[in-house]
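Novice: Listed below, chain by chain, are the residues.
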Amino acid sequence: MPLAQDVTQIIAKCIQAAQAEGRSALLEPEGKQILCALGFDVPNGVVVKADNNLVLELRHLRPPYAIKAVSAQVIHKSDFGAVKLGLPDPETVEQARNDIQGALLDRGINADTFLVEEMAQPGVELVIGGLIDPEFGPMIMLGLGGIFVEIYKDVVFRICPIDASDASDMVESLAAVALLKGARGRKAVNLDCIKQCLLLLGGEDGLMMSKSMPFSEIDINPFIANATGAVAVDARFILKLNRDHHDSTN
Amino acid sequence: MTAPTDFDALFRPRAVAVVGASATTVSGGNRFLRHLKNFGYQGPIWPIHPKAAEIEGFKAYASFQALPEQVDYAFVAVNAQQVPEVIRSARGKAKFIQVMSSGFSETDSGKALEKELVKAAIDADVRVIGPNCLGTYSPSGGLTFTAGAAKEVGSIGIVSQSGGLGVDILRRGKNKGLLFGGLVTVGNCADVKPAEILEYYFTSNQFHTIGVYLETAMGGRRLFEILRKYRGVKPVVLLKGGSTAAGQMAAISHTGALAGSQAAWQALETQTNLISTATLDEFLDVLLTLQCVGAAQQLADGVVLFGNGGGTSVLGADAFSRHGLRLANLSQHSAHALDALNLPAGSSVANPIDVPAGALQQDSGNIAGKILSALTLTPGAMIVIHINMTVVTSFSHVDMLGNLIDAVMKLRTDAWSAALLVLVLRSDGDTEMEQIKRKYRQLAIAAGIPVFNELSEAAVAIGAIRRSRFGSVAKSGSLS
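Chains A and B, in that order, give the protein sequences.
Mind the numbering: the first sequence is residues 26 to 275 in the numbering used here, read in order.
Mind the numbering: the second sequence is residues 5 to 484 in the numbering used here, read in order.
In case anyone wonders, no lab produced these hints; they're calculated from the structure.
This one's a predicted model, so the numbers in the text were calculated from it and none came from an experiment.
Take these hints with a grain of salt, some might be off.
Only pairs whose alpha carbons sit at most 20 Å apart, straight line, appear in this in silico DMTMM-like list of lysine to aspartate or glutamate [unchecked claim]:
id, chain 1, residue 1, chain 2, residue 2
1, A, Lys236, B, Glu229
2, B, Lys119, B, Glu89
3, B, Lys233, A, Asp188
4, B, Lys233, A, Glu229
5, B, Lys180, B, Asp434
6, B, Lys197, B, Glu110
7, B, Lys233, A, Asp230
Could you build the full structure based on these sequences and the hints that come with them?
Specialist: As structure tokens, then:
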């Protein structure tokens, strides 16, 4: 089954915008729009400019808030001081917006667009990824996420398409599986929700297997899972270098 | 997915043509002709040569078109530049052409020539195996490309990307007791891909076990799809050489950075129940184990060690533990039966069961059979018998070694015993000892008992099968 038409349309629009601006990756709000259309949970949020009135813009969002710069030049946001979390009200969000703007300006980056979101409920920080392997084609990854993902390297890869038993197997293969199942008196996270998201990305009808998959790499990190569900808190979509979709691995 | 390729004509060719044999010197083509003749190929063999009337005693023909009829298999060993033209000239006169010649995509300058070869194959409507390979071995079809390969027909099917390693697999495998049904060296895989041959092995009744040596996936998508489709149907043992340069991408994302070059191969192994091995010997030992115990049989994770040599038992137990197996607890019935034997001092009747050679000479060595019978009363355990041949044969007044082996063989043939037996024949390497070992190895393997040189080798091979999905969920796979 191909992707739903609305997903295909959203992807096409995002790619167009990225190409028009000469970007090699999608902006975070674009990536989240795609994930949302695919069926992922993403935080409620709003894109604001540097001079927007935040009391007005945030009136439909529930505190506490998170704010992040939206810029093609900011690759790892936390390294750049481009993220502020746990902000209680529009005033502190405004202060954070100014701080981020200043920090980026010090690096010569002029940021004028920001994403303000409701803070995700706490949980275990995971990462879900997608990539195109030069020999085997589309692959999917699940791992212990957050900013230390490359330090822990607790990750598992599978060749797409995966089925439900592969998805279960990926979860069970993590060293961190004990954390997910509620180690030391904590509540177990909703494993079904994680598996469902793996299938949305890497299943037979998932994004990675879609005919004109335009992305070479995808990071959903952190992907925060708790007892009630799992939320894609950040998303990074890297565009394939040329738009030639001929699959040389076939 | 496309229909499976029918390789019957490749494995049992009714006629064989050879291009590139010389009338004056001994080339690759000549050697191929000699191997074929010595191996006893039954069909017509037709050398193709522009001028010669006869080569290696066979009547030669000027071209493919001059052949009396179509051949199922043609072996081509000419200069790389001539290969596309040779293939084109075979239109209607050959089904499978195996190209030994090198100088194609394995070199930068040969990449264009390989594209030309593929185009020629399509134009001529033939399937090409190779180039840059050594040949195909199929004892049921009388086909070989190397001297010293067994004529006996086995049930193991091999795909080897390397020709030289293919020869090693056949020859060292033969000496280990392996019986192959087929081996195709596929080289650059310009046309015929490993996945196609694997699908043939999966669907042909002749083959029970499959072995694959690959350095690159050669059509990774198809390889994944075929292995996934047939997973669990027959055991597939993988020996993967090299780390793929192409796998090391300039990654931007965490996902890309974490993938490395082996992530996809590890995923392939897990998702398709491959049995993964690291060395040629491990590859062959795993194949031997599967040949002996049968693909359907699940290997137990509990091991009972029985033999002479305390230190050897301890090291053996360590090795099995390192490879994910454990020493089984003997059942009450086993323990009682062992107690009743009143084994002499110095014997250990707990697992590992260590009985010095001096104690084994009791009852002319027939005590071993009674010990083994006692051990079979521990259900589900794999019994590993290790014999220090040097020590045992030094008791020259009685054929203790022969009696020990007899006891093991008897247990195998006793209908009531379902115990899985493994034999470890430990030799000091002396010529005489190696000869004795060779004789008993053949006997035991013919009876379905895998034989190893050391306990650690048995641990590696059995551990590899147990670790794989095939070993832990044997037969749960489906064709859906």
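Novice: Could you grab the alpha-carbon distance between Lys233 of chain B and Asp188 of chain A and see if it respects the 20 Å cut-off?
Specialist: 13 Å, holds
Novice: Between Lys236 of chain A and Glu229 of chain B, is the straight-line Cα distance small enough, at 20 Å or below?
Specialist: 17 Å, holds
Novice: Does the alpha-carbon distance linking Lys197 of chain B and Glu110 of chain B stay inside the 20 Å limit?
Specialist: Since the Cα atoms of Lys197 of chain B and Glu110 of chain B sit roughly 16 Å apart, the hinted pair holds (cutoff 20 Å).
Novice: Quick one, are Lys233 of chain B and Glu229 of chain A close enough, alpha carbons at most 20 Å?
Specialist: With a Cα-Cα distance of about 14 Å, the restraint between Lys233 of chain B and Glu229 of chain A holds, given a limit of 20 Å.
Novice: Next pair to validate is Lys119 of chain B with Glu89 of chain B; report whether the Cα-Cα distance is within 20 Å.
Specialist: 13 Å, holds
Novice: Check whether the Cα positions of Lys233 of chain B and Asp230 of chain A lie no farther apart than 20 Å.
Specialist: 18 Å, holds
Novice: Checking one constraint from the list: CA of Lys180 of chain B to CA of Asp434 of chain B, max 20 Å. Satisfied?
Specialist: Roughly 18 Å between the alpha carbons, so the hint for Lys180 of chain B and Asp434 of chain B holds.
When held up to the earlier numbered hints, the structure conflicts with none and fits them all.
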